[in-house]
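J.: Sequence order for the protein chains is A and B.
Going by my numbering, the first sequence opens with residue 1257, and the numbers climb by one from there.
Going by my numbering, the second sequence opens with residue 3, and the numbers climb by one from there.
Fair warning: there could be bad hints in the mix.
[To be verified] Partial list, derived from the structure: chain B residues whose beta carbon lies under 10 Å from chain A:
| # | residue |
| --- | --- |
| 1 | 213 |
| 2 | 277 |
| 3 | 386 |
Just so you know, the hints here were simulated from the structure itself, not pulled from any lab data.
Computed from a prediction, not measured in an experiment: that's the story for all the values here.
Positions of the beta carbon are idealized from the N, C-alpha and C atoms, including for glycine.
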Amino acid sequence: MKSFYSRAAIILSIAVVAFIVASCNSFKKTPVSVAPQPGSANFSTTVFLGNSLTAGYQSGALYESAQKYSYPADIAKEAGIANFEQPLISDPGIGGLLEITNLSGPVITALPSSGQPLNSTLSRPYNNLGVPGALVYDMIDTSNFAAKAGPPRDNPFFQIVLRNAALGNSPVAQALALHPTFISVWIGANDVLGYATSGGTIGTDPATHSLPTDIPTFTYLYTTMMNALLAGAPNAKFVVANIPDVDAIPFFNTIPPIVINPATDAPVIVNGSPVPLLVMRHDANGNLYAGQANPLYDKILLPALSLELEGVGIPTELGGKGTPLPDSLVLDSAEVSKVQTAITGYNSVIQSVATANPTRVALVNAYSVFNNFAANGYTDPATGVHLTDSYITGGFFGLDGIHPTDQGYGYVANMFIKAINTTFGANLSQVNLAYLPGSIQLAKSSSTQSKWPVIPLSAWGKMLKIFQVSNMY
Amino acid sequence: MASMRRVLASLAVIAVSVSTAFAGGYQLNETGAKATAMGGAFVARADDPSAIFFNPAGLSYLKGLNVMLGGELILPSTTFRSLGPISTQTNMNSISFFPPNAYVTYSMDNGLGFGVGLFTPYGLGTDWPTNWPGNTIVTKITLQSFYINPTISYSYKNMVSIGVGFDYVLGSVELAQRVATPFTTEPTATLKGNGNGSSFNFGILITPVKEISLGFSYRGRANLKATDGTLSFSGLGGLAGQSQFADGTVSTSVPLPATWFLGVAYKGDRYSIEADYQWVGWNAYTSLNLNIAQGSTTTEKSIVGDYNNSYILRLGGDYKISEVFTARAGVFYDKNPIPDMYLEPLLPDADRLGLNVGVGVNVTNKLTIDASYMFLPFKQRTITNSAIGFNGTYNTTANLLGIDISYRL
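One chain only, chain A, in its complex shape (with noise of 0.2 Å):
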């Protein structure tokens, strides 16, 4: 009897031994990575070429803290480029980086544009070649660009990001001497911006300087420009961007036209009507005049809010100057209409050229996406993060109003990354926007105490410098 149950005891041992060496096989500790599939692109030497998006401008600087999350950085990642380069610049970075220094206002300012480049001694181009305020004219100009550090560009960014001619004396010659597999472009939002920035007064038309770059002259550039990239890099693929509506961005978009009474956050009613604001505007034969905004279609630009803090653009009844806010900080209907005309002629080019091109060239329509978020916002499906256009507390756009924040930049980059998929069957996967970092500067403490919000029109100089360009031709 005894024998029996020791003869069962070991016979039941040896069963679940059996059963434990079994599974572990699967004890074992082995690296896993989604390797993305490239479908018919090839993503072993990519560059970018672009703006200040691009390059990854925020908050009204080019710092390193921000490069990390540009959006060719998170479409590099997810594609696995591996020596992907960037002209980093140390934080606070160059431009004047903006901050909150106190919330309950909020105040902001900007912090001295002290950063210094990290990456420079790269012997070859950087793969994101983007140049804050660049122009379609400035990727195939290939005379001096170490000349637009000074007037009447004062833009520094060219030096920083091509630095040597030897490299190539243009943004198109050094995207090129990288012997790309795969080329971004995402250009011309500058065509329209200087002028649209500047409330209609400084342009990049060549006969007038003080309206968009004409759509004939854009056509030239950007046919150019692609043209020599398509001959110049024969087997690479293409994704191509088009340009957002200026109505999707803060900038544009945060300050009414009319009179708000600050105490219930609702628009001042006199008389069963809205208040429009004072403004500097233009009639109907282009003359400008001081007069009453349009409430439906003129715009009022973010920097004039320290104005209206003032009182200026706010009538005497009630309670302000009764002197209207210039022309520089606003968009009246007519510039509105020459600033939509000017990006339907530029998207319709774009378009055209990844129509000429289907299987080389995707085509990423910037236009609808950003006019979608500015309607509907984004909503994580996994986590409930939400972003919308919303001034600082949408988490899109950054202090700027224009540029977008990491989380932003992660959006951008799916946008490059599911026209990728599309047109080239690839399997890049997307960027997880609920895990990056919030990235709008807020000062450790508040300093001072302010009601009402504060933005001093320094803080925004030298940003809006950079891309209102005139006399450049």
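Following the hints, position chain B against chain A.
T.: Relative to the frame of chain A, chain B by itself:
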């Protein structure tokens, strides 16, 4: 002038994302060094004071007054690597736990046994770097429970014994996570709570023939109710004074699931061996609900877990080398209860294999010291369908050292 007011009003939207909490297979069965050394296969023998935990019916077979005191040093290490071609690995901060155990028993010659035990059958802790990618899910969590378990048993003719006990449960939980904001300032939210609950346990031990014993024991589910927990924030910087970062109170209830053991043991002259099946009623954890009050604002958070019931297979035995030394060894396979989509870094659980050795030393005929060592590798676990979009690969191993000192009067 006005739109800024809108900005301020909507600042309140910045979610205080206390959206997750303690979770998972937070069970600890290592409540005695002798049993642990044999892979926890002990329900059909239960022949030391830790019978109060493993099978209270075993109390009847102890002799006289016994006191046992000890604990288990737990040293886990976990890494996380996000998916994607370029990803970095995060190593969990090194942490250690020492859940103690203490038992006092008295057994009479007429088959009656009494005892009281103190042990920690549920607990967990993880501690991630504060700047790691999942810091809005968790930076630190600890869950502790203490069971106070008075027990009585009775045996009939040394063939059938039954035992029952009552559990009074005390517990504490602490969870810290970074709060996502649009700002570079990311404050840390800390939830802390103490709670209590109750349950019961019973066990049966049958010895049909001298060499064979059969054991079954059951411990009911307890709910650790915490009603006066606190929510506080640190690292607020320029966000100080915003109403959504005001201190608050939290109430919640953490399920501590029911479990049962079923085992059979063979006892020879110098050795014994036992095989057990343990069931754990993890489907008690469907979601965890947190009620948070900050001033007049109340928020309810629900954390879905949808755990599955699980099991542990155990095999272990001992060999009496001499009157002084006994060698022990055991293995177990522990099936984790967490579905892939709900696996979070709060508790990076996975199926585990326990490899155990140990020794018992009779220092005198009244004093015994038992020691155990467990190597506990977890299956590598790669999550691709996380419900909160946090996908990646977890690897965990743990080393556990147990010691108990027993004194007989």
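J.: Hints the structure violates: just list their numbers, smallest first.
T.: The structure conflicts with no hint, since it agrees with every one listed earlier.
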